[in-house]
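If you want this note's numbering, it's the position in the sequence shown, counting the first as 1, plus 19.
Derived by calculation from the structure, the hints in this document are not laboratory data.
Be a bit skeptical, because a hint or two may be false.
[To be verified] What follows is a list of derived Cβ distance ranges for each label pair: (1) T259 <-> A229: 32 to 38 Å; (2) G245 <-> L69: 29 to 35 Å; (3) P227 <-> G131: 57 to 63 Å.
All C-beta atoms, glycine included, are put in the ideal place defined by N, C-alpha and C.
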Amino acid sequence: MLSLAVAVLAVAAMCWPGGAGRLRLGASAAGPAVPGPGRRRWAEQHGAELVAGAAVLLGAVVAGPGGALAGAMAGGTAAFRLRAERRRRAGAAAGTGLIDALAVLVAELRAGAHPADAAKAAASEGHAGVGRALDAAAAAARLGGDVPSVLRTTGPARLRASLSRLADAWWLADRHGIPLAELLDTVRADTEQRVRFAAELQARLAGPRATAAVLAGLPLLGLALGYAMGASPLQVLAGTLAGQLLLVVGTGLACAGVLWSARLAAGAEAP
Numbered sequence: 020m021l022s023l024a025v026a027v028l029a030v031a032a033m034c035w036p037g038g039a040g041r042l043r044l045g046a047s048a049a050g051p052a053v054p055g056p057g058r059r060r061w062a063e064q065h066g067a068e069l070v071a072g073a074a075v076l077l078g079a080v081v082a083g084p085g086g087a088l089a090g091a092m093a094g095g096t097a098a099f100r101l102r103a104e105r106r107r108r109a110g111a112a113a114g115t116g117l118i119d120a121l122a123v124l125v126a127e128l129r130a131g132a133h134p135a136d137a138a139k140a141a142a143s144e145g146h147a148g149v150g151r152a153l154d155a156a157a158a159a160a161r162l163g164g165d166v167p168s169v170l171r172t173t174g175p176a177r178l179r180a181s182l183s184r185l186a187d188a189w190w191l192a193d194r195h196g197i198p199l200a201e202l203l204d205t206v207r208a209d210t211e212q213r214v215r216f217a218a219e220l221q222a223r224l225a226g227p228r229a230t231a232a233v234l235a236g237l238p239l240l241g242l243a244l245g246y247a248m249g250a251s252p253l254q255v256l257a258g259t260l261a262g263q264l265l266l267v268v269g270t271g272l273a274c275a276g277v278l279w280s281a282r283l284a285a286g287a288e289a290p
C-alpha cells in the first residue's frame with residue numbers, strides 16, 4: 020500500500036494544475052465562492068513543502084523507517100518539480116508583464132512624453148517586478164541619474180537579461196541620440212519573440228514530460244500484476260527487511276529518473 024500511495028502522490032504532484040487551473044477546480048467543487056488571494060498565495064508558496072511532508076508522514080505510518088525514507092525521496096522530488104514549475108510560471112508572467120510595460124512606454128514616448136513620465140506610466144502596467152524596475156528608472160531619469168545602471172541592477176533576477184537589453188537601448192539613445200522609442204520598440208519585439216518561443220517550446224515538451232510521468236508510474240503496474248498473480252507485494256515491501264530495502268532503492272531510482280528527465284527538459288529550455 021505504501022509504494023502505491025507514494026507513487027500516486029509523486030505523479031499527482033508532478034501533474035498538479037497551475038494557479039488558474041486550481042481556481043477553476045476550486046470553483047467547480049465549491050460553487051461560486053473563490054478563495055481569497057491571500058489563501059491562494061499561501062497555498063502556492065507552501066504547496067511543495069506540504070506535499071513533501073505528507074509523503075514522509077504517509078510513508079512512516081504505512082511502512083515504518085523504509086517507508087519514511089521512500090516518502091521523503093518521493094515527496095522531495097515532487098516538491099522540487101512543483102517549485103520548478105512555479106518558477107517557470109512566474110518567469111512567463113514576468114516576461115508578459117515586461118512586454119505590456121514596454122508597449123506603454125513606447126506609446127508614451129511616441130506621444131511626446133518625457134522619458135521619466137513615460138517610465139512612470141509604464142510602471143503601473145503588468146508585473147510588479149517590472150513596475151519596481153521602471154519606477155526606479157523613472158526616478159533616475161527625473162534626477163538626471165544613470166538610468167541604464169539602475170535598470171541593470173533593479174528588478175527580478177528572472178528578467179535580468181531582458182532589463183539589461185532595455186538598459187543597452189537606453190544607453191544607445193543617450194550616447195548617440197537615437198530615438199529612444201524606436202530602440203525600445205525593438206527591445207519589446209525581441210522580448211515578445213522570446214516569450215512566444217518559450218511558450219511554443221513548453222507545448223512541444225508536454226509530450227516528453229507526460230511520457231516521463233507515465234514511466235515513473237510503471238511500478239504501480241508491477242504491483243497490480245503481483246496482486247493479479249495472487250502475491251502480496253505490498254506486504255513484502257512493508258513487512259520484511261529485504262522489502263524495505265527494495266522499497267527505498269526502487270523509489271530512489273524512480274525519483275532519479277524523474278529528476279533526470281527534468282534535467283533533460285531544462286537543457287532543451289536553456290537559451
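Results for each hint:
no.: 1; hint: T259 <-> A229: 32 to 38 Å; result: holds (34 Å)
no.: 2; hint: G245 <-> L69: 29 to 35 Å; result: holds (31 Å)
no.: 3; hint: P227 <-> G131: 57 to 63 Å; result: violated (50 Å)
Taken one by one, the earlier hints fail for this structure only at number 3.
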